[in-house]
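*Asks:* Chains as they are written, first to last, in this note's numbering: chain A, 1 to 251; chain B, 252 to 516.
Output of the computed footprint for chain B on chain A, the stretches with three or more beta carbons under 8 Å from beta carbons of chain B: (1) 83-90; (2) 94-100; (3) 107-117.
In case anyone wonders, no lab produced these hints; they're calculated from the structure.
Glycine included, C-beta positions come from ideal geometry on N, C-alpha and C.
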Amino acid sequence: MTRDSRQCPAVRIAGLRKSYRGRPAVDGFDLEVRRGETVGILGANGAGKTTTVELVAGLRRADAGRISVLGLDPVRDRAALRQVLGVQLQESQLHGALTVGELMDLYGSFYPAPRPRGELLELLELRAQERIRFEHLSGGQQQRVSVALAMIGRPRVLILDELTTGLDPAARRRMWRTLDTLRAEGVTILLVSHAMDEVERLCDRIVLLGAGRVLASGTPAEVAAAAGAATLEDAFVALTGDSPREQETPR
Amino acid sequence: MTAAQDASALTAPTGRPRRPGARALMMLARAEGKMIARDIAGLLTPFALPLLILLTSASGASRQEVVAGRTVLDLYVLPLVLVMVLAFVGVLNMPSFLAYYRKAGILRRLAVTPASPVLVLLAQALVSAVQAALGILAAAVVAALAFGANPPLHLWSALGALVLIAAAMYATGMIVAAVAPSPSAGVAIGLLGFLGLGALGGMFGGRDSLPGPLAEIGALLPFGAGVDALGAAWAGQPLPGQALVALAGAVVVGTVVAGALFRWE
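Please construct the entire structure, taking both the sequences and the accompanying hints into account.
*Replies:* Now the structure itself:
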C-alpha cells in the first residue's frame, strides 16, 4: 500500500452532475470527506441529497464528474467498494417474513468478516426482537434493523439516509449513541438528515444543498454564522427559504 | 498496490475483494424457502390445483390402456399434471415474488451489499426447483398409489424433459417478472400466462378439442410441448424433435427478452 493511497480522503466528489429527464438533480457538486469524519448533507426536498448518496453508493451513474470512496470508483470498483461501504437507504425494505436474527445471519453471509449477531443485537438494543419477524416490528425497530444491517460488514464508510426520521426522541438518542460508537471506531459517516439538532450533535461538518448545488458548508456553527443566523435551523431557512420541519416526510 | 486492493485490505486480509459464494447463496435460498414456507397459501397452491385435476381425471383414465401397458393416465393426464406444477411455480409464483421484491425495494437493498441481486435469481431458481420437485413427487406418488399409474418407459428421457420444461417455464416467468410493473400486475400477467399456456396446451380438455391452428400453436408453446415430451417418455418413444426445439426456444427467447427488459428497481 502506498503512502498516497493510505492518505486519500474517505470520499472525494468533484464536479458531480446528474439530471432526470433534463432536470438537474445534482448540478456541479464538490465534497471531500476525511477518514473518520462525520459529514451531514442537508437540504430541502428535491435538493439532490438522496441522488448524491445513491451516486456515491453506485446505485446510479453520474452524467459527469468523479466520485472516489477510499480510492474506489463506485461503478468500476463495485465489488471492492461493497466490502467497505455500508448503506442504509431511505426507501428500501427487507424480507418481511424473516426474523431479525435470520436477517442478520443472511446479510452477514455476504461479508468476509461480519460483526457477530449478538454484538449488533446489543448495540442496536434489539435483543428482545431477535425472534420477531421484520414485518411485525414497529417503525423505529425496523429502522434499527436497517442500521444494524448497514453496519454488519464492518464498513469503513457508512451512508445513512434519513437515519432517525419517524423515531421517538428516546429512540433517536439511542441511535445517536450507536453512531458515537461507530465514530469512535473511526468509521467515516455521510449522514443525510432534516433534523438540525441531529446534525449539530453528530456531524463534524455539514453541506447544505439547494437545487443540486452547495449553498453552504462548514461546521454547523460556521454555517449559521455565515448566514448571519442565531441557529442552524435559522440558517437553513435563510439559505433555502424553507423550514426543515416542514420538509420531514412521515415514514 | 491499486486503490481497489487498498480498500479491500481494510476488511479482507487476502487483499482481494471476496465475492459472496456458495454459503451466501445457500443462506439466501434458505431465507427464500422460509418465506415460502411461512406463506401457507403460496406453499400449497402449486400442489393443490394439479392434484385436484389428477383426482378428478385419473379414475377413468387409469383403466384405458393405450400402448405397451401404459394408460391414458400415464400418457396424458400425469404429464399434464406435472407440467402444470412446473408452469405454476415458474410462470406464476416466481414472477410474483420478484415483482414484490422489486416494488418493496428488497432488490435495491441487496444491490448495496456485496451480494449481487443476481444471487436472488439463483436462490429463487433453487427454491423453485425444490418446490417443483416436491409437487411432482406428490403428484406421482398419489397417481401411483391411488390410481396405479405406471412409471415412464424411458425414465431418463422423462427426467431430462422435466428439467427442460422447468427451464422453459422459468424463462417464461422471467419475461413476466421483467414486464410486470407491480406485484399485483405480476400476479395478473402470470395468471394470464399460466391459463393461456395451459388452455393452448390442453389443460382444459385436451389439445384435440381445440381448433386446428390453436392446437398447432399450443404444441409450440412450453406447456403443450412439455406435455408432448413427457407423454413420449412415458410411452417409451423418442422425445419429439418439435417439442424439444419449442422448449429450448422458450429458454432462449425468455432469457434474451428478460435480460433486455429486466430492471432491479
